[in-house]
Amino acid sequence: MGIFTKLLKGLKEVFLGKKVRVTITSDPKTSTIIVDDKETTKGEASLKLVPGTHKIRIEAPGYHSIKNHFVVLSKPEQKFHFTLAKIVSHIKTYPGEARVFIDDKDVGLSNLSIDLLPGSHKIRIEKDGHLPVKTYIVVRHSREEFFSFNLKKILTSIKVDPPDADIFIDDRHRGNGKVTLHLEPGSHKINISAYGYDPLRNYIVVRKNMPESFKFQLPKKQTIIRVKPDNAKIFINDSFKGTGKCVVDLPPGSHKIRIEAEKHQPKKDFIVIRKNRREYFDFRLAEIA
0 MGIFTKLLKG LKEVFLGKKV RVTITSDPKT STIIVDDKET TKGEASLKLV
50 PGTHKIRIEA PGYHSIKNHF VVLSKPEQKF HFTLAKIVSH IKTYPGEARV
100 FIDDKDVGLS NLSIDLLPGS HKIRIEKDGH LPVKTYIVVR HSREEFFSFN
150 LKKILTSIKV DPPDADIFID DRHRGNGKVT LHLEPGSHKI NISAYGYDPL
200 RNYIVVRKNM PESFKFQLPK KQTIIRVKPD NAKIFINDSF KGTGKCVVDL
250 PPGSHKIRIE AEKHQPKKDF IVIRKNRREY FDFRLAEIA
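Numbered according to numbering that gives the first Met the number 0, the sequence shown spans residues 0 to 288.
Since the hints were derived computationally from the structure, they do not count as laboratory data.
Just so you know, even glycine gets a beta-carbon here, dropped at the ideal spot from N, CA and C.
Check before you lean on any hint, since a few could be wrong.
Calculated cross-link-like contacts (lysine to aspartate or glutamate; reagent style EDC-like; alpha-carbon spacing at most 16 Å) [unchecked claim]:
#: 1; residue 1: K227; residue 2: E286
#: 2; residue 1: K219; residue 2: E278
#: 3; residue 1: K214; residue 2: D160
#: 4; residue 1: K227; residue 2: E261
#: 5; residue 1: K266; residue 2: E211
#: 6; residue 1: K85; residue 2: E143
#: 7; residue 1: K133; residue 2: D102
#: 8; residue 1: K91; residue 2: E58
#: 9; residue 1: K28; residue 2: E38
#: 10; residue 1: K91; residue 2: D160
#: 11; residue 1: K158; residue 2: E211
Derived CB-CB ranges, DEER-like [stated by the list, open to error]:
#: 12; residue 1: P161; residue 2: D281; range: 27 to 33 Å
#: 13; residue 1: P131; residue 2: D281; range: 55 to 61 Å
#: 14; residue 1: T52; residue 2: K28; range: 21 to 27 Å
#: 15; residue 1: K262; residue 2: R225; range: 16 to 22 Å
#: 16; residue 1: H140; residue 2: D169; range: 39 to 45 Å
#: 17; residue 1: K28; residue 2: F145; range: 28 to 34 Å
#: 18; residue 1: H140; residue 2: K28; range: 55 to 61 Å
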């Protein structure tokens, strides 16, 4: 060692202090330790540093990085330990208490916080009475993430013809013609009515976690007229409707009827159609002697 080198070393020790052994450990042990912008070994570093303040940066995938300073004193064998905090992802659902699966693993009920490595993760969310969610979430490096999901209720659709029909489900009026609503799984009473149509009374069965669709056609309220003989002609309000039998749509009220057949006495009368009623009329013509 030359005189100049020895002199420089002596000056450094005078002004900076003599280097001391420093051991730095970190958790997790896979973390990278960088001191004064120089990378050391992973998890643990043993090095000589002059007394004073030094920069340190510690990094590991899935953990929050540490960027800080530490002070080395003028004493031998100094030790420093740093623990990185895990990066947490928060998953929230509306409504809550939904079952969450990440990468096909059940991780619990929302709302929850979970440690996830950076990258893309498959997520599935399930809750009774709601449509399942299947998608992907991306966790960024050294970032705390917040994910929220709005769960949509499973709906039942009911469509009725005519479009002005009143729809009652479990004795509660739900709308006219077409309704879309949430119904609990099981059997539900349905009543449908419309002016000029026969009412419908039935039950619908809603399956668990299944969207359902029902269609109903109400039969028109018709007036049925039967006459004898079979070849008799039927006129209603002076309009020919058929021979022997006719099925007609008539509004409520009084209607003129005329029935004619060869070798039979013609008949002229009135029929009364009641509101929201299916009507039946039978007539027999008397033969001409």
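Looking back at the hints listed earlier, which ones does the structure fail to meet?
Those not satisfied are hints 5, 8, 10, 16, 18.
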